[in-house]
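*Asks:* Chain residues, written in single-letter form:
Number of protein chains: 2
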Amino acid sequence: MTIHDLETPALLIDATVLDRNLRTMAEYCSDHTLALRPHTKTHKIPEIARLQLQHGAAGITVAKLGEAEVMADAGITDILIVYPLWGEKKWKRLTDLASRGRIAVAVDSLVVAAGVAQAAKAAGVEIGIRAEFDTGFHRCGWAITTDAMAELEKIIALPGLRWDGILVYPGHIMGNQNTRERDIEHENKILDALFELLDSASIPYPVVSGGNTPAAFASHRFHRLTEIRPGTYVFNDRNTVEAESAEFNDCALTVLVTVVSTSISGRAILDAGSKTLSADALLSGDRLGYGYILQHPEFKLKELSEEHGHLGIPNHSRIRIGDRLRVVPNHVCTCINLHDRVYLVEGEQVIDEWKVAARGKVA
Amino acid sequence: MTIHDLETPALLIDATVLDRNLRTMAEYCSDHTLALRPHTKTHKIPEIARLQLQHGAAGITVAKLGEAEVMADAGITDILIVYPLWGEKKWKRLTDLASRGRIAVAVDSLVVAAGVAQAAKAAGVEIGIRAEFDTGFHRCGWAITTDAMAELEKIIALPGLRWDGILVYPGHIMGNQNTRERDIEHENKILDALFELLDSASIPYPVVSGGNTPAAFASHRFHRLTEIRPGTYVFNDRNTVEAESAEFNDCALTVLVTVVSTSISGRAILDAGSKTLSADALLSGDRLGYGYILQHPEFKLKELSEEHGHLGIPNHSRIRIGDRLRVVPNHVCTCINLHDRVYLVEGEQVIDEWKVAARGKVA
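Chains as they are written, first to last, in my numbering: chain D, 204 to 566; chain L, 204 to 566.
These aren't lab readings, by the way, just hints derived from the structure by calculation.
Hints are not guaranteed to be accurate.
[What the hints assert, rightly or not] Straight line, CA to CA, 25 Å or less: simulated DSS-like cross-link-like pairs of lysine-lysine:
hint, chain 1, residue 1, chain 2, residue 2
1, D, Lys-295, D, Lys-324
2, L, Lys-505, D, Lys-505
3, L, Lys-292, D, Lys-558
[To be verified] Rough simulated footprint, nothing fancy, chain L against chain D, three-plus residues with beta-carbon under 8 Å:
hint, region
4, 277-291
5, 341-355
6, 502-512
7, 537-550
Heads up, the beta-carbon is just placed ideally off N, CA and C, and yes, glycines get one too.
Between the sequences and the hints, there should be enough to build the whole structure, so can you do that?
*Replies:* Printed below as a string of structure tokens:
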């Protein structure tokens, strides 16, 4: 079967590019003695998680319990859930997972850690704990204060927990190479302040986990990182390219689409809208548009309806109904989460079909 | 079971509000002798499509073939596909559908109509055809020209097709009551020009299909409409309220969420981000924010990560980890498309669970 046999819209993963992306990140981490714990929220596909482990990943990261359950069902045994889990039902699911493998969670409050500890103790399992600190993204994570150290001491003393160390998410480090220099320097000052407080309180931190895709290849320059958790690097996307962390030929996932209408002057309508590509805006650069057209970078995907992509084209373009194009989405993580399956391709040959098994696992 | 027993995030549909929304639109259409052919892309749930038919809908509308197949599998027999379908595989699926019920498609090109006709003739079925005209939204639809009339004459002459009439999508009529008056007047001028051309060419138009939710209750004022295709009215959402077509107590679908972190001053983090609510922006008003918090309208859902909602709260708010809130999403159609199931509730009682059976059917 070739891609010409597929109905559109269809998600294609280029096997060669995927393999190169997996190898490049694995080699970088190996060269710098960093553990690689890829965030699988990007792909939600157990087959890709297994490839990451085969390339030397120390374990995987997920955002939600439902994703962890899918990955555990696929035989993956070392899972970090980077999410504050609240409530008896979630703690029960967490301890069930911990009876099947090595499970850790991120926390940023004593009340969540205490709930996890109580459930772990009752179930007779051990849950790894990583304390999340806020280094500037301002989403989750303790502020770097002596109050936080006091809470950490209480958490470390709780039975049922395994103290793994600390975790940061440098989601604010997104820009291009120029701004990144300044960002790294700033991040290191914050990290140093954190280590100073931890040292003063004699709190050990065997694990210091950080790292998103845009800053991934600068991870060795952040102080004392032992592990990184990039997600998007397996595929890359328009955001990654805009952040100068990849080029378009490093983008492993493209959306195969068809031109279905050319009635409106200066436009071609693609059979892929926000329910296929996601409406996520570009995070840097001019922030315009919803995807990059591989064959025609000069065409602009200006607007999305739910099922229509509005492509701006020159008036005398030779684009016709039935023409197929390949689109690099702005944000691959939210794009793939809209789909049940992806096609693995080598050139134009379709060599496999994978289920997006953890799609929609928001709870 | 009550909503307190549900894990979050969870989609709740208030049965009372849903019923009222269904009845109000059905009565409006009945009062004005308009056929109601609701767009089921909003809910993608066969049970709700059946309720719409029980309330007198003439049939249903879908965007994609995959949605039509799910609805046909659920026993629904009168389906309009408002989408230009291209390619042998799609035409085969279309004629398979037509062997099971009364199927019509919108077209805006001779080439698509010819493909459909050829497939219909080969399969020995009849496919209804509605010609889409552009009245200002500039997405699909012929321009109102004599050239279009010449193409229509060719289409009407094709064997295998049943000529149903014309179709418009007034997606540009979105604003508040003030701007809408001017929009209706403008739309009528365009429609009159279309009717004049059709009459000159002696092309009949038994069906004139229009109507989105924001303009739905003004449909009787558009010239010669025989049918409307509103979708969002079953649930309503923040966009509908912003367009002054509903109030928040008319919003049948809310997302039940939990506060999972309060580490960042002035913020509470909800367990629902763009993979739960969708990142669709508000289409009118200040265009800010990603949802409306029913219990605390003063809290602003400022940003979304994939699995985190960033809620701006006063610094001395009493919001705590574990608190549950209900969010009206900006755009309910893209929100529900992210989920496998919804819960039907009466007050706090959960009375049913429905599968979002046509979720993700983009092809």
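*Asks:* Each hint needs a verdict: does it hold in this structure or not?
*Replies:* Verification of the supplied hints:
no. : hint                  : in the structure
1   : D:Lys-295 x D:Lys-324 : holds, 11 Å
2   : L:Lys-505 x D:Lys-505 : holds, 24 Å
3   : L:Lys-292 x D:Lys-558 : holds, 22 Å
4   : 277-291               : holds (count 5)
5   : 341-355               : holds (count 6)
6   : 502-512               : holds (count 4)
7   : 537-550               : holds (count 5)
Checked against the numbered hints given earlier, the structure satisfies every one of them.
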